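**Q** So the sequence lines, in the order shown, correspond to chains Z and G. Heads up: the first sequence is residues 1 to 264, going by the UniProt record's numbering. Heads up: the second sequence is residues 1 to 257, going by the UniProt record's numbering.
It cannot be assumed that every hint is accurate.
[Unchecked claim] Per label pair, the in silico range of CB-to-CB distance: (1) G/I8 - Z/L96: 42 to 48 Å; (2) G/K37 - Z/P94: 17 to 23 Å; (3) G/P55 - Z/H199: 48 to 54 Å.
[To be verified] Residues from chain Z that face chain G, not an exhaustive set, calculated with beta carbons under 8 Å: (4) G2; (5) G51; (6) Q53; (7) Y77; (8) R80; (9) R81; (10) M83; (11) F87; (12) S89; (13) F93; (14) E108; (15) H109.
In short, the hints are calculated from the structure, not lab data. The structure presented is a predicted model; accordingly, all values stated were derived computationally and were not measured. Note that beta-carbon positions come from the ideal geometry of N, C-alpha and C, so glycine has one too.
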Amino acid sequence: MGQLVQIRDMSFAREQRILFDNLNLDIAQGKITAILGPSGIGKTTLLKLIGGQLTPSSGDILFSGESVCRAKRAQLYQMRRKMGLLFQSGALFPELTVFENVAFPLREHTQLTEPVLQTLVRMKLESVGLRGAEQLMATELSGGMGRRVALARATALDPELMMYDEPFAGQDPISMGVLLKLIRDLNQSLGLTSIVVSHDVTEVLEIADYVYVLADKTIIAQGTADGIKSNQDPRLVQFINGLPNGPVPFHYPASDFLKDLAAQ
Amino acid sequence: MINQIQRIGERSINFVTRLGVAGLMLVNALFSQPNWKFLRLVGLQVYNLGVLSLPIILVAGLFIGMVLGLQGYNVLVSYGAEQSLGTMVALSLLRELGPVVTALLFAGRAGSALTAEVGLMKATEQISSMEMMAVDPFKRIIAPRFWAGVLSMPVLAFMFSMIAIWGGSFVGVDWKGIDSGGFWSVMQASVDIHQDIFYGFIKSTVFAFVIVWVALYNGYYAKPSSAGISEATTRTVVNASLMVLALDFILTILMYG
Ligand SMILES: Nc1ncnc2c1ncn2[C@@H]1O[C@H](COP(=O)(O)OP(=O)(O)OP(=O)(O)O)[C@@H](O)[C@H]1O
Ligand SMILES: [Mg+2]
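Please build the complete structure, drawing on both the sequences and the hints.
**A** Structure, rendered in structure tokens:
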């Protein structure tokens, strides 16, 4: 089984802050890969790097063997046709209805006739449980509903690589279960490759074939879900069990708070 | 001293970079092959930018024409030359006021709207998500707005001049009692298709180009925050208006100087 995405010695910095330092990471074809890590560590950034929206300062990112970073504009857009990204914010078009939001990529890239398109869009909406909401405007949705519509839109073109940025944020236990099943089903029935970024560790570990845990600019652990669960690295134990104190800092880098107070 | 030089250097590098970025955006937007889907998008924007600007353009044109008629009449009548009122009104409108005032109004009405719209699309990641759906925002968002602006503004300027001339005739002929035949025939004899109408058309096309370019650039590269968008909108109106006035001076020298 090949690797769909290969990240090679990749470094990336935001302003002064180094987010990744010589990162090496592979996403196996046809598998669900989970990326875990504390908030602000750069998981969203990593997905945008894979999508070619950001360019690393060094190293390379390959998608099906082709470099995303050095691709020409037209080439990059060709590659993006094979990718779907569920944005953390949803990023729906507010002036369009739910239906038109999901239909957007289909209208842009295919010549489907209207009845076929309608059926396809309704199928996608049905799978996230929102077929009844198709005539609502995107602004009339709740946060969780909006993200499910965004999910339907991101999968509309049946991409080879689906990247989910926090798919479960704002979902109740029922829709969470449905989404988990949906992600697994999409992966199996369509043979997609999936990357799931999430904080819902137990749920993600249920469906993931392979797991990367990011912290401190690199990968601190990787392996199968069971391997991660039984890993005794204190950083990992802290993260998976959600303990506030431990080797992984909860705070964004800052000088000591008490010292700051005393200095005033 | 060294600091100052450094700052000037930094500013000029920034300026050149921005110019390069803006140029790149324009090139990417303009070189897209038109198909009927694209034409529909342009049509939609012609409605948003052109048709929706019509009321303000027509009302402004009417008032400016009437004021021009009144002021012109008062000056000309003391030389007994009130027959030339038509010529004066028509020439000042077609050559200068039509293109320039329309451009200023267009920058305020449509330019600001463009910047705010595109800026907000950027800030809410709509543009990002479009890119990830393999839809090029330069072609989908920027290009149709650009073409729609460049197509609508000359038409708006022409309509502005027409209604303003009518406003001038309303004051001169209907109110002040200049002979209507004289007003119109003297005007027709002195307005030149090439010198006046065509040059005015060129001016408004150039202005439109600058306004939409400035507006789209400011929107697309606005800081993704409320303050960033409001700042970008202000910058669009201020920069576009000043550039229009400066360009008008240059074009007038080239055409009539
Ligand atoms: N546009 C930006 N400009 C500058 N810095 C940014 C920008 N976006 C994100 N960052 C910084 O990059 C770091 C990583 O952000 P990112 O959104 O990738 O984190 P994340 O791992 O997805 O966090 P979360 O789990 O909370 O979504 C953060 O520290 C953030 O401050
Ligand atoms: Mg994130």
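**Q** Does each hint fit the structure? Answer for all of them.
**A** Hint by hint, here is what the structure shows:
1. G/I8 - Z/L96: 42 to 48 Å: With a Cβ separation near 47 Å, G/I8 and Z/L96 satisfy 42 to 48 Å, so the hint holds.
2. G/K37 - Z/P94: 17 to 23 Å: holds, 22 Å
3. G/P55 - Z/H199: 48 to 54 Å: For G/P55 and Z/H199 the Cβ distance comes to about 51 Å; the hint holds.
4. G2: violated, 23 Å
5. G51: holds, 5 Å
6. Q53: holds, 6 Å
7. Y77: holds, 5 Å
8. R80: holds, 4 Å
9. R81: Holds: closest Cβ of chain G sits about 4 Å from Z/R81, inside 8 Å.
10. M83: holds, 7 Å
11. F87: Since the shortest Cβ distance to chain G is 5 Å, the answer is holds.
12. S89: holds, 5 Å
13. F93: Because about 6 Å separates Z/F93 from the closest Cβ in chain G, which is inside the 8 Å limit, the hint holds.
14. E108: Status holds, d = 5 Å.
15. H109: holds, 7 Å
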